[in-house]
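Asks: Below are the chains, spelled out letter by letter.
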Amino acid sequence: MKHWKSIIAATALVLAAGTSAFAARTDLVLGMPLEPPHLDPTAGAAAAIDEVLYANVFEGLTRIGSKGEVMPALAESWTVSDDGKVYTFKLHTGVKFHDGSAFDAEDVKFSLDRARGEGSTNAQKALFAAIDTVEAVDAATVKVTLKNPQGSFLYNMGWGDAVIVAPESAETNKEKPIGTGPFKFDNWAKGSSITIVKNPDYWGEPVALDKAEFRIVPDAAAAIPALLSGDVQAFPNVGVGDALAQIQADPRFKVVIGATEGETILSTNNKKAPFDKLEVRQAIAHTLDRQAIIDAASSGLGTPIGSHFSPANAAYVDLTGTYPHDVAKAKELLKAAGLENGFKATLKLPPVGYARDGGQVIAAQLREVGIELEIIPVEWADWLKQVFTDKDYDLTIVSHTEPNDIGIYARKDYYFQYDNPEFDKVIAELDVTTDGAKRNELFGKAQKILADDAVNGFLFELPKIGIWDAKVEGLWENSPVQANDLTKVKWVD
Amino acid sequence: MTAYLLKRLLIGAATMVVASLVVFSVLEILPGDPAQLMLGMNATPDALEALREQMGLNQPLLFRYLDWVGGLLTLDLGRSYTYSVPVLDLVTERLVVSLPLAIIALVLSTAIAIPVGIFAAARRGRAGDAVSMGAAQLGVAIPNFWFALLLIYVFAVWLRLVPAGGFPGWGAGAWPALKALVLPAVALALPQAAILARVTRSALIEVLGEDYIRTARAKGMPRRRVLWRHALRNAMIPVLTILGLQFAFLLAGTIIIENVFYLPGLGRLVFQAITQRDLIVVESVVMLLVAAVIVVNFLVDLSYALVDPRLRIRA
Numbered sequence: 011m012k013h014w015k016s017i018i019a020a021t022a023l024v025l026a027a028g029t030s031a032f033a034a035r036t037d038l039v040l041g042m043p044l045e046p047p048h049l050d051p052t053a054g055a056a057a058a059i060d061e062v063l064y065a066n067v068f069e070g071l072t073r074i075g076s077k078g079e080v081m082p083a084l085a086e087s088w089t090v091s092d093d094g095k096v097y098t099f100k101l102h103t104g105v106k107f108h109d110g111s112a113f114d115a116e117d118v119k120f121s122l123d124r125a126r127g128e129g130s131t132n133a134q135k136a137l138f139a140a141i142d143t144v145e146a147v148d149a150a151t152v153k154v155t156l157k158n159p160q161g162s163f164l165y166n167m168g169w170g171d172a173v174i175v176a177p178e179s180a181e182t183n184k185e186k187p188i189g190t191g192p193f194k195f196d197n198w199a200k201g202s203s204i205t206i207v208k209n210p211d212y213w214g215e216p217v218a219l220d221k222a223e224f225r226i227v228p229d230a231a232a233a234i235p236a237l238l239s240g241d242v243q244a245f246p247n248v249g250v251g252d253a254l255a256q257i258q259a260d261p262r263f264k265v266v267i268g269a270t271e272g273e274t275i276l277s278t279n280n281k282k283a284p285f286d287k288l289e290v291r292q293a294i295a296h297t298l299d300r301q302a303i304i305d306a307a308s309s310g311l312g313t314p315i316g317s318h319f320s321p322a323n324a325a326y327v328d329l330t331g332t333y334p335h336d337v338a339k340a341k342e343l344l345k346a347a348g349l350e351n352g353f354k355a356t357l358k359l360p361p362v363g364y365a366r367d368g369g370q371v372i373a374a375q376l377r378e379v380g381i382e383l384e385i386i387p388v389e390w391a392d393w394l395k396q397v398f399t400d401k402d403y404d405l406t407i408v409s410h411t412e413p414n415d416i417g418i419y420a421r422k423d424y425y426f427q428y429d430n431p432e433f434d435k436v437i438a439e440l441d442v443t444t445d446g447a448k449r450n451e452l453f454g455k456a457q458k459i460l461a462d463d464a465v466n467g468f469l470f471e472l473p474k475i476g477i478w479d480a481k482v483e484g485l486w487e488n489s490p491v492q493a494n495d496l497t498k499v500k501w502v503d
Numbered sequence: 045m046t047a048y049l050l051k052r053l054l055i056g057a058a059t060m061v062v063a064s065l066v067v068f069s070v071l072e073i074l075p076g077d078p079a080q081l082m083l084g085m086n087a088t089p090d091a092l093e094a095l096r097e098q099m100g101l102n103q104p105l106l107f108r109y110l111d112w113v114g115g116l117l118t119l120d121l122g123r124s125y126t127y128s129v130p131v132l133d134l135v136t137e138r139l140v141v142s143l144p145l146a147i148i149a150l151v152l153s154t155a156i157a158i159p160v161g162i163f164a165a166a167r168r169g170r171a172g173d174a175v176s177m178g179a180a181q182l183g184v185a186i187p188n189f190w191f192a193l194l195l196i197y198v199f200a201v202w203l204r205l206v207p208a209g210g211f212p213g214w215g216a217g218a219w220p221a222l223k224a225l226v227l228p229a230v231a232l233a234l235p236q237a238a239i240l241a242r243v244t245r246s247a248l249i250e251v252l253g254e255d256y257i258r259t260a261r262a263k264g265m266p267r268r269r270v271l272w273r274h275a276l277r278n279a280m281i282p283v284l285t286i287l288g289l290q291f292a293f294l295l296a297g298t299i300i301i302e303n304v305f306y307l308p309g310l311g312r313l314v315f316q317a318i319t320q321r322d323l324i325v326v327e328s329v330v331m332l333l334v335a336a337v338i339v340v341n342f343l344v345d346l347s348y349a350l351v352d353p354r355l356r357i358r359a
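Read top to bottom, the protein sequences are chains A and B.
Each step along the first sequence adds one to the number in this note's numbering, with nothing skipped, and position 421 is 431.
Each step along the second sequence adds one to the number in this note's numbering, with nothing skipped, and position 123 is 167.
For the record, the hints were derived by calculation from the structure and aren't laboratory data.
One or more of the hints may lead you astray.
Within a straight-line C-alpha distance of at most 25 Å, the following computed DSS-like cross-link-like pairs (lysine-lysine) qualify [unchecked claim]:
| id | chain 1 | residue 1 | chain 2 | residue 2 |
| --- | --- | --- | --- | --- |
| 1 | A | 395 | A | 354 |
| 2 | A | 455 | A | 281 |
| 3 | A | 422 | A | 401 |
| 4 | A | 221 | B | 51 |
| 5 | B | 263 | A | 200 |
| 6 | A | 455 | A | 435 |
Derived list of chain A stretches under chain B, where covered just means 3 residues or more per stretch with a C-beta under 8 Å from a C-beta of chain B [unchecked claim]:
| id | region |
| --- | --- |
| 7 | 198–209 |
| 8 | 385–396 |
Because the structure is a prediction, the values reported are computed rather than measured.
Think of the CB as a built atom: it goes at the ideal place given N, C-alpha and C, for glycine as much as any other residue.
Input sequences plus hints: build the corresponding full structure.
Replies: Below is the structure:
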């Protein structure tokens, strides 16, 4: 046996030495836990779709960079009219779709009209609601007229749901995505992996990788052996729990803890008694001990938040001190609400680790002030139906992963059932404000109102735990949008 | 014999009809809207409506049932809600993984179990029996996903002989594909082999206590010959029954092993389809499995007749 092992080790060594003598590797296998249902970013909300295709295969007029900034993409530049309603985009020329057809202003018009039109199945149709008309002025110029000025318009056009598709291939993108990006779709072995390869005709800066394979590894326990055996060289976002320490101690791998746009919250039904009382919500906020929840729900890696906003964003205001952990104060507030003996409520938990683990801790914490929670585990489909659509819930835990989504609190029929005209006014003003500094101020105001109203239990920002081979460079540390942008990824030696 | 076959076939067909009703109604009352799952939390009502229309979810229930059953009869299993490709294609893609895996596992478990069972029965009460049945006991007790992880650490991480998981597809060549199936097949086969070995042993021991065995021995037939010729053949009926059940289990019940090795098999497809409320896929795959179980049971019934001539004559 011993003999055997040394022979194998020697062979491995020879092989390893052999490969490193050549040029740097140009292939990469990335692991991801969920498989996309299909490959059309304009027809589904699943994060896995963008995680494969965004910036790699499909591009929009603008794109979101690694720090959440808006960058030019298919639009090389743009001008905005003085009233903020007309955007004129100058497009790159010489751009080709992967099927060889040329890209021009008509494709932009087609894509935007398709996304906002009747019969559209775009998961983020609201992104396009402000658009009044789209006009192809000439082959390289597009004029978009808005119904009213919209501060986030350029950002919105950078979403995966706003990528530009061709009329010839739009209907078949689900199976065979045709974009303009630096990678072309190669193969999808369903249930197993999706492969993309370098696009030799790319209009922009060519990528370093020749081939990238996204392999579906659904089980976190299987992720570690896959890394150790070298089958998979990068997990951009993986929940490995206790095994993280083992990987961190291994010099062959880099562990990068970054931020997502996922505000993890104890969503509260604001119209249901007794949660309709401000004192009750404040009491819950005072009872929650964020650090204990973070330790249980995200291996201690999440960043505490005091409102519905990402700490990575420039407009972030730290409001975690609004209702500090104070059980005595919480009891006082409950008494003021006429509930000194506490009450019973339900806590519906979707099938994700942070919710199931965090829920236990939150139930234990709320028990201290007499709030008895009945924990009800539900599936995603159930959660969407009962909690999100029918609003049949008291409390639930979920991470809101859409970037910059504080505006959901102004939606009338949203499942929080929150209704505050003052807040709506701030959001309405934000919608029409384009000035950066002014926008940040308004974002701050909005955060403050939500924190004061204790609309939901604001817990933590979901961390992004990335693990990859120490020789791989260029993967995103944070995920300002749900994407695995491979345009700058390369192997170094 | 023909009447016997005909009766079996009729029972099979009736089972299919009942199963289709049960499967369809149970899945349709599951809460959850496939359109909402696809478009997520920011979907606008009109986009949801458009998608429901596209998926055909707005048609009345009875119409959808008849449409589905009518499709099944012509082997048109419908179109997946989430993947929007024909379900038949999805199933075939997965079967090329699950079927070979199930067959390899079944062959492996039979090849291990039958000899061990015979060995243990022949040495009943002696050390060999105790050791092999002890091992079988252990095999039944160890959860197969844990055993699978153990195999991965030894053969994939430490020795690097096989991949830790995944499936390269048959297009990558027979050898890499088979290599990817070895560990999962072993992990699946051992617990099955343990059960089968115990059944073989007890069936054999029971037969060995029969009068005709004593008679055979008394007229001077050697032990070995009695065991192989008279005892084994008569002990085959319970063994075949278990084998039939195991094959159905291997085809459908591999969800856990497929997850550990992230194999794109039928179990994973069903599991994913349920969470995505891709009901048409679940319904069709379950019907396919029902059909498979019925066919396997039919074959098992046929094989009873092969090993037991009395069944042939009586029927």
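Asks: A separate judgement is required for each hint: does it hold in the structure or not?
Replies: Here is what the structure says about each hint:
Among the hinted pairs, residue 395 of chain A with residue 354 of chain A is consistent with the structure: their alpha-carbon atoms are about 23 Å apart, no more than 25 Å. Distance check on the hinted pair: residue 455 of chain A and residue 281 of chain A sit about 23 Å apart at the alpha-carbon level, within 25 Å; holds. Proposed proximity of residue 422 of chain A and residue 401 of chain A is supported: the alpha carbons are some 13 Å apart, at most 25 Å. For a cut-off of 25 Å, the pair hint linking residue 221 of chain A to residue 51 of chain B is broken: about 57 Å separates their Cα positions.
Between residue 263 of chain B and residue 200 of chain A, the direct Cα distance comes to roughly 63 Å. Violation of the 25 Å bound is thereby established for this hinted pair. Annotation: proposed proximity of residue 455 of chain A to residue 435 of chain A holds, straight-line Cα distance about 11 Å (limit 25 Å). Residues of the region 198–209 of chain A with a Cβ under 8 Å from some Cβ of chain B number 5, which satisfies the need for three, so the listed coverage holds. Residue count for the region 385–396 of chain A with a Cβ under 8 Å from a Cβ of chain B: 7. That meets the three needed, and the coverage hint holds.
Hint violations for this structure: numbers 4 and 5, all remaining hints satisfied.
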